[in-house]
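**Q** Here's the letter readout for the chains.
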Amino acid sequence: MLRLIRQRAWLLVALTVITSAAGPATGQQKAPGTTAEEKDAARREGQVVYYTARTTTTANTIAKKASEALGIKVNVVRLASTLIYNRAVQEFDAGINAADVIDTSVTEHFFAMKKKGMLQPFTPSSIAKFAKPDYYDAEHYWHASQIGLGAINYNPQLVKDPPKTWKELTDPKYKDKLVQGHVKASGTSLLIDYWLVKLYGWDYFKGLQKNNIMTHQSCDQTNILASGERPILMCDHQITVPAQGRSLPVETVFPEDGVIAQVGGMAVLKKAPHPNAAKVLVDYLLSAEGQQLYVDGGVLSALNDPALKYPSKYPHPSKVKLLVADPNDVARMLPELREKFSELFGG
Amino acid sequence: MRSKLLWGAVTVTLAVLVLLPLGWLVVKSVQTEAGLSLANYAAIGNQKSFRAATLNSLVFGLAASLIGLVLGAPMAWVVSRTNMPLRGLVRAGVLGAFVTPGFVLAVAWILLAGPNAGLLNRLWIAVTGASHGVLDVYTMTGLVLVSVASTFPLAFILVYNTLEMMSSDVEEAARVLGAGTARVTWTVTLPLALPAIVASVILMFLETIILYGVPAMIGVPARIYVLTTQLFSLFEWPPRVGLAAALSLPLLLVTAVLLVIQRRLLARRSFATNRGKGGRRRPIDLGPFRWLALAFCGVVLLFTLVLPYAVIVWASVSKVWVRALSSASFTLDHYRFVLFEFTSGSRSIWNSLLTGVIAATLGTLIAVIVAYLAERRIVRHAAFLGFLAMAPLVIPGMVFAVGLFAAYSQRPLVLYGTLWILMLAYLTKFLPFAYMSCHAAIQSVYPELEHAANVLGASRARALRDITAPMIKAGLLGGWVLIFIPAVKELSSSILLFTAPTTVIATAIIDLYQLPSWEGVAALSTILLILNGVVIAAGNRALGGNLLGRPGGGAA
Chain A
1 MLRLIRQRAW LLVALTVITS AAGPATGQQK APGTTAEEKD AARREGQVVY
51 YTARTTTTAN TIAKKASEAL GIKVNVVRLA STLIYNRAVQ EFDAGINAAD
101 VIDTSVTEHF FAMKKKGMLQ PFTPSSIAKF AKPDYYDAEH YWHASQIGLG
151 AINYNPQLVK DPPKTWKELT DPKYKDKLVQ GHVKASGTSL LIDYWLVKLY
201 GWDYFKGLQK NNIMTHQSCD QTNILASGER PILMCDHQIT VPAQGRSLPV
251 ETVFPEDGVI AQVGGMAVLK KAPHPNAAKV LVDYLLSAEG QQLYVDGGVL
301 SALNDPALKY PSKYPHPSKV KLLVADPNDV ARMLPELREK FSELFGG
Chain B
1001 MRSKLLWGAV TVTLAVLVLL PLGWLVVKSV QTEAGLSLAN YAAIGNQKSF
1051 RAATLNSLVF GLAASLIGLV LGAPMAWVVS RTNMPLRGLV RAGVLGAFVT
1101 PGFVLAVAWI LLAGPNAGLL NRLWIAVTGA SHGVLDVYTM TGLVLVSVAS
1151 TFPLAFILVY NTLEMMSSDV EEAARVLGAG TARVTWTVTL PLALPAIVAS
1201 VILMFLETII LYGVPAMIGV PARIYVLTTQ LFSLFEWPPR VGLAAALSLP
1251 LLLVTAVLLV IQRRLLARRS FATNRGKGGR RRPIDLGPFR WLALAFCGVV
1301 LLFTLVLPYA VIVWASVSKV WVRALSSASF TLDHYRFVLF EFTSGSRSIW
1351 NSLLTGVIAA TLGTLIAVIV AYLAERRIVR HAAFLGFLAM APLVIPGMVF
1401 AVGLFAAYSQ RPLVLYGTLW ILMLAYLTKF LPFAYMSCHA AIQSVYPELE
1451 HAANVLGASR ARALRDITAP MIKAGLLGGW VLIFIPAVKE LSSSILLFTA
1501 PTTVIATAII DLYQLPSWEG VAALSTILLI LNGVVIAAGN RALGGNLLGR
1551 PGGGAA
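Chains A and B are the protein sequences, given in the same order.
Residues in the first sequence are numbered consecutively from 1, following my numbering.
Residues in the second sequence are numbered consecutively from 1001, following my numbering.
Among the clues, some could well be false.
Simulated pairs of lysine-lysine, BS3-like, Cα-Cα distance not exceeding 25 Å [claimed, not checked]: (1) K129(A) with K319(A); (2) K167(A) with K321(A); (3) K271(A) with K116(A); (4) K116(A) with K270(A); (5) K175(A) with K340(A); (6) K340(A) with K1048(B); (7) K1048(B) with K206(A); (8) K210(A) with K1004(B); (9) K30(A) with K271(A).
In short, the hints are calculated from the structure, not lab data.
Just chain A, with the same shape it has in the complex:
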């Protein structure tokens, strides 16, 4: 759905009071994954409603592959992260229980939903393979479904010698060549800019301004890039994959001074109308087989599993310098980011 809203998703951090306070104990300990009874019940339920913010291609692939693998009909509702989240919250408040599984690009949604009592805990079979404990909730209310890779996209027909770092984008040789998203509208841009301010201060952005960088709302400016309007974009590896699928000239540089992680989450809703099918779907999507579908869409999996195949023409994402932000610190810096950014680039 609306990228502008998907990208806005991060702004949630402004609202959410992030608490890591432990909730009540969740009853008896259960082995990870689903039991035979749950699998049977899932087949009887026959379908699952999957609210997702994945790209159209990835969401459609997921629906097809998961339906085949699980024998359950996967109904996809694909919207931007914030829209998906807003909708789930609205439905929860109104007592409508339409969705089973929710999958967005924004960790903060899951903090908020857990706090609101909208989620139920479920531990996937793959839990031991998660690369870091940061990638899931300690009480297993949610787990990271993917890690977006904030990076530099460029048009290889027009840029023969692409920049290797974020830092060098302020070099005058990139004047009139750059395009970015707005921190007020794009979650990806917000995270990228959070890190760049941390690394290089606001002078860096004054340099970008001197280079007459073009600023759109969303950072996904594939057309601006591919048409040659501006050949270098500060966005995300995720836009390169579908662009190449349409044979557009778009490539990614994973900057040496850091690739910016955007951790997305997945959870089973507490009042899921098909609770068993929901668990079966989440277990599948967080397995190596399910995660491969995400990885093919241009993201990093939170699983450290050698079975996952990354495209060989790019460095293995686990080899890049990954910058994972502390959501509390992003929330703290948000007012400053919004204000200073708007001063420099409008809005």
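Once you have looked at the hints, place chain B on chain A.
**A** Showing chain B alone in chain A's frame:
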């Protein structure tokens, strides 16, 4: 008794439609965490970005309305008064530009005049060998000119209608007294048309400052933020409805004042219009200058209609637009994509049709009842109903949407997230157009005919159904189209009120634009343009070619 009941029902309906959202707007603007206060207003006043946006909106609105006048008014004059060839075609072209949504024009001009990759710039570079293009759409000039393309028809329509309805007596008198063509035009026609000219500038100004699509697509990359783009940013998560309401109400006030001025000016026109056309007049012979006039109209329409439509249709059938120049290709893939694969594509068409049809039907029904009650003075205070029906005219779409959001996003009536809230927005926003159309139609029916039926034993309702209704069919149809057409292209209120399952064509186009799929945008826009064209052609045919050419239509 029955009439009173009807009056009551209609009054309540109108009050709920119009006053409830506005009331909520006021409430939200003064509601803060610390209780009732003006803190929201203070916050708006203190923030530099809002002050800058206000200034930008003023410059943007003034520039666009003055340029719109310079383009639209002379065209109206040559089409109405002179022997310029192809006058009918020019008029049809202007009406075509009139029903083209601003955001479609914005996309078209980004494709045409992007500073490096725009089609016209690439042609320029190829032809002249220059190192870079000459046009840059991402500037204030670009913003203004693209907006003018969607608003100048207002100047044309208002001035054209005034000229057409102007009695020829006064002009003839001047001529008999020996004044030449230029002198008559300058000293008689122009002063008589002056109220319409000023009114059209006001309307264009208002239409411009409430545009959202063009400023979002062209203004933002140009770092030019206006009131609507700032207003929209207040709805980014978390929505700050209080601030949005506090920003909206002054805008509403400005609009109301300007529209009151505009109505006063148009009311003065009545002495000149003198009950419709005052006989046929001889067209003014422009001599060789008629070709110059035609060239002027042609150039205006080339840039506002022909080029944008051409580039949109071309992009919609190109495999990959960014390579359309270097390797020609033809495909219907993008139509397949927006109709069958893109989740919100076909859904948006269905939603737009559904909300458009229901809003137009209910709106026309309400309009005709109110117009009937008001015109026949069946109940006391009927004039108040007329006022309520016209009131939405002063409410900018986005402002009204803020009110609707405040009114219907909380219990007991949660309409946010349903198609009803969009339908209500369209119905209310465009009710005045249907009302004007129905009112004019009912005015033209002699009440004696109904009285005759009553005398012969028919009830009032039966007289209305069997006598009046058939006679005002054209007015009803006109009213219906005047709600339907703007409803299916309405973006500025839809963008605040839609959710994924309730997306409409306008929001789906913005969605495709962000996806980003320029070809998909072009395909869905083409579908919208075809849809508009079909409805207008059908309506025009049913009305004998008079659709949108009537005085009431001028405000649409």
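**Q** Does each hint fit the structure? Answer for all of them.
**A** These are the hints, each one checked on the structure:
1. K129(A) with K319(A): 17 Å, holds
2. K167(A) with K321(A): 15 Å, holds
3. K271(A) with K116(A): 13 Å, holds
4. K116(A) with K270(A): 11 Å, holds
5. K175(A) with K340(A): 21 Å, holds
6. K340(A) with K1048(B): It holds: about 12 Å lies between the C-alpha atoms, which stays within 25 Å.
7. K1048(B) with K206(A): 19 Å, holds
8. K210(A) with K1004(B): 69 Å, violated
9. K30(A) with K271(A): With a Cα-Cα distance of about 20 Å, the restraint between K30(A) and K271(A) holds, given a limit of 25 Å.
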